[in-house]
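These are the residues of each chain, in order.
Protein chains: 2
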Amino acid sequence: MLYLAKIYVTYKPSILDPQGEVIKAALHRLDFNTVEGVNQGKYFEIKLTAADEAAASELVKAFTTELLINHNTETYRFDLEEA
Amino acid sequence: MLYLAKIYVTYKPSILDPQGEVIKAALHRLDFNTVEGVNQGKYFEIKLTAADEAAASELVKAFTTELLINHNTETYRFDLEEA
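In the order they appear, the protein sequences are chains U and Y. Just so it is clear: in the first sequence, position 31 is 31 by the numbering used here, and no numbers are missing. Just so it is clear: in the second sequence, position 55 is 55 by the numbering used here, and no numbers are missing.
Quick caveat, the hints were computed from the structure, so don't treat them as lab data. These numbers come from a predicted model, not from an experiment. Among these hints, one or two may not hold up.
Said to hold, decoys possible - Here are the simulated DMTMM-like cross-link-like pairs (lysine to aspartate or glutamate), alpha carbons at most 20 Å apart as the crow flies:
1) U/6 to Y/79
2) U/42 to Y/58
3) Y/6 to Y/74
4) Y/42 to U/21
5) Y/47 to U/21
6) Y/47 to Y/58
7) Y/12 to Y/74
8) U/47 to U/81
9) U/6 to U/31
10) Y/47 to U/17
11) U/6 to U/79
12) U/61 to Y/31
13) U/24 to Y/66
14) Y/61 to Y/81
As the list claims (entries may be wrong) - Have a look at the derived ranges for each label pair, beta carbon to beta carbon:
15) U/1 to Y/55: 40 to 48 Å
16) Y/37 to U/75: 23 to 31 Å
17) Y/54 to U/47: 28 to 36 Å
18) U/18 to Y/36: 32 to 40 Å
19) U/62 to Y/22: 12 to 20 Å
20) Y/19 to U/57: 22 to 30 Å
Positions of the beta carbon are idealized from the N, C-alpha and C atoms, including for glycine.
Input sequences plus hints: build the corresponding full structure.
Next up, the structure:
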C-alpha cells in the first residue's frame, strides 16, 4: 500500500534558532508587531509503500533518525496517511 | 488572544526538487527502497496575537506571502490553533 508521510523537523527547545530570530526581526520591520516567536524547521513529504500503517510508521522512524535529522539539535514528529 | 500558526512551504508541483531527489537517492543507498518520492520544504511555527482566528488567519496569509515564500517556485498551506 502507498503511504504519504509528512515529517516536521524542528530544533530542540534548548537550541537557539538564529534563523527564527532573523525572521521575527524582519516581520517586525514589516510592521507585523504581534508576531511573538518564530521557529523555522524542515518539512518533508515522502511517499513510500509498506505492508500496512504500522510497517510504514516503523520505516519513517528508521529513515528519519538515520538520515533526515541531526540528533544533537533537532527533534521531529510526523503524520501518516494513505496516498 | 495568542495563536500558533504552523506553516508548510513546498515547491510548486511544476518545479524540480533537486534536494528531494538527492535525499531519495541517499535513502535508496541505505536500502529504504520502498521510498518512491521525496519533497523537502520549509516548516515554520509562528506565535502571534490577534483579536480572533479570522484576524490571525489574515495576518498569517499577509506575512507569509510578503516574506516567507518565493511566489515563483513555492506554495504554502497552514494550520492555526490557539496557543
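Right, here's what the structure says about each hint:
As the CA atoms of residue 6 of chain U and residue 79 of chain Y are separated by approximately 14 Å, the hinted pair is consistent with the 20 Å bound. For the suggested pair residue 42 of chain U and residue 58 of chain Y, the alpha carbons sit about 24 Å apart, so the restraint of at most 20 Å is broken. Distance restraint check for residue 6 of chain Y and residue 74 of chain Y: the Cα-Cα separation of roughly 16 Å lies within the 20 Å cut-off, and the hinted pair is therefore satisfied. As the CA atoms of residue 42 of chain Y and residue 21 of chain U are separated by approximately 16 Å, the hinted pair is consistent with the 20 Å bound.
For the hint pairing residue 47 of chain Y with residue 21 of chain U, the CA-to-CA distance comes to about 12 Å; that is within 20 Å, so the pair holds. Distance hint between residue 47 of chain Y and residue 58 of chain Y is fulfilled; the C-alpha atoms sit about 14 Å from each other, no more than 20 Å. Note on residue 12 of chain Y and residue 74 of chain Y: the hinted pairing holds, with a Cα-Cα distance of about 5 Å set against a maximum of 20 Å. Proximity of residue 47 of chain U to residue 81 of chain U is assessed by CA-CA distance (about 10 Å); at most 20 Å being required, the pair is judged to hold.
Between residue 6 of chain U and residue 31 of chain U the CA atoms are separated by roughly 32 Å; this puts the pair beyond 20 Å, and the hint is violated. Between residue 47 of chain Y and residue 17 of chain U the CA atoms are separated by roughly 14 Å; this keeps the pair inside 20 Å, and the hint holds. Straight-line distance between C-alpha atoms of residue 6 of chain U and residue 79 of chain U comes to about 5 Å, which keeps the hinted pair within the 20 Å bound. Distance hint between residue 61 of chain U and residue 31 of chain Y is fulfilled; the C-alpha atoms sit about 14 Å from each other, no more than 20 Å.
The straight-line distance between the Cα atoms of residue 24 of chain U and residue 66 of chain Y is roughly 13 Å, inside the 20 Å bound, and the hint therefore holds. Distance restraint check for residue 61 of chain Y and residue 81 of chain Y: the Cα-Cα separation of roughly 15 Å lies within the 20 Å cut-off, and the hinted pair is therefore satisfied. The hinted window of 40 to 48 Å between residue 1 of chain U and residue 55 of chain Y holds, with their beta carbons roughly 41 Å apart. About 24 Å separates the C-beta atoms of residue 37 of chain Y and residue 75 of chain U, a value consistent with the hinted range of 23 to 31 Å.
Judged by the Cβ atoms, the range 28 to 36 Å given for residue 54 of chain Y and residue 47 of chain U holds: they are separated by roughly 34 Å. Hint check: residue 18 of chain U to residue 36 of chain Y, Cβ distance near 35 Å, so the stated range 32 to 40 Å holds. A hinted range of 12 to 20 Å holds for the C-beta pair residue 62 of chain U and residue 22 of chain Y, which are about 19 Å apart. Taking the beta carbon of each, residue 19 of chain Y and residue 57 of chain U are about 24 Å apart, inside 22 to 30 Å as hinted.
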